[in-house]
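*Asks:* Sequence:
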Amino acid sequence: MTANDLSTLIGRAERVLAQLEAWLPPAPPDIDWTAHAFRWRKRGARGWLDAVQNVSSIDMRDLQHIERQKSIIDRNTQHFLHKKPANNVLMTGARGTGKSSLVKAMLAAYGDQGLRLIEVDKADMGDLGDIVDLVSGRPERFIIFCDDLSFEEGEPGYKALKSVLDGSVSASGDNVLIYATSNRRHLMPEYMSENLSAKHQSDGEIHPGETVEEKISLSERFGLWLSFYPFKQDDYLDIVNYWLAEHGCSQADIEASRTEALQWALERGSRSGRVARQFARDWAARHV
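With the numbering used here, the residue at position 32 of the sequence shown is 107, and numbering never jumps.
Straight-line distance between alpha carbons at most 20 Å, and here's what the computed SDA-like set of lysine to any residue pairs gives:
{"#": "1", "residue 1": "Lys307", "residue 2": "Arg349"}
{"#": "2", "residue 1": "Lys237", "residue 2": "Asn250"}
{"#": "3", "residue 1": "Lys145", "residue 2": "Leu156"}
Derived from the structure by calculation, the hints contain no laboratory data.
Please work from the sequences and hints to get the whole structure.
*Replies:* Written out as structure tokens, the structure is:
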């Protein structure tokens, strides 16, 4: 082969490579391990940990009237940080009562001690095994956070989550926990028709059908269940008063807000911490 032939061949190869690069997705960026929080991103079949630049921070004292839930998850998180046995956590219950905020509060409290947060969308739950492999061997302690988690029939992420929680041949690693929030205690819809598969014995014992057992088995793999309930009226007003004070309202303004705060909750159909904070923002903007 002459030098001219070789030059022509190299030129053709370069043009082919240029065309391939135009069709192929770019390589994922390097992981910034100095970040405290990450999101799992997907581009085609590739996934990577994308560092969160502006982390939504909330202090433990900002979460009012969920003292029992705070103490339990704080104790479990501290055990995890100190490499003691710790449990995966499922938080269920009324919306706006502080479930996801409690997870963010753990990061704010212990991020400087090596705690890290990885937020994973429900659609990407099938990648949990890849995420666990990616962070294995890292010195940090990772909480994989799945917010507003629920599954419909046949979704692939359901079995992936079961395997990572407890059931896979490979261990998930001692530097990973899963904290999930959901409005469904068993994470999947349940139907009256499923009771038709139950067997009723003459002694009165009921044996649930296998379909029901399959659905319950996922939530049972979480070691800790934390339930959150709607706030009573006085508790709701306490939270409103707290946030009004945080926004610089005077005591007179706080006392004058009571009627509007109750009307606000009535219109929203919920007395929750989220609704209380939203009202406080609106009131403070109009009166401070």
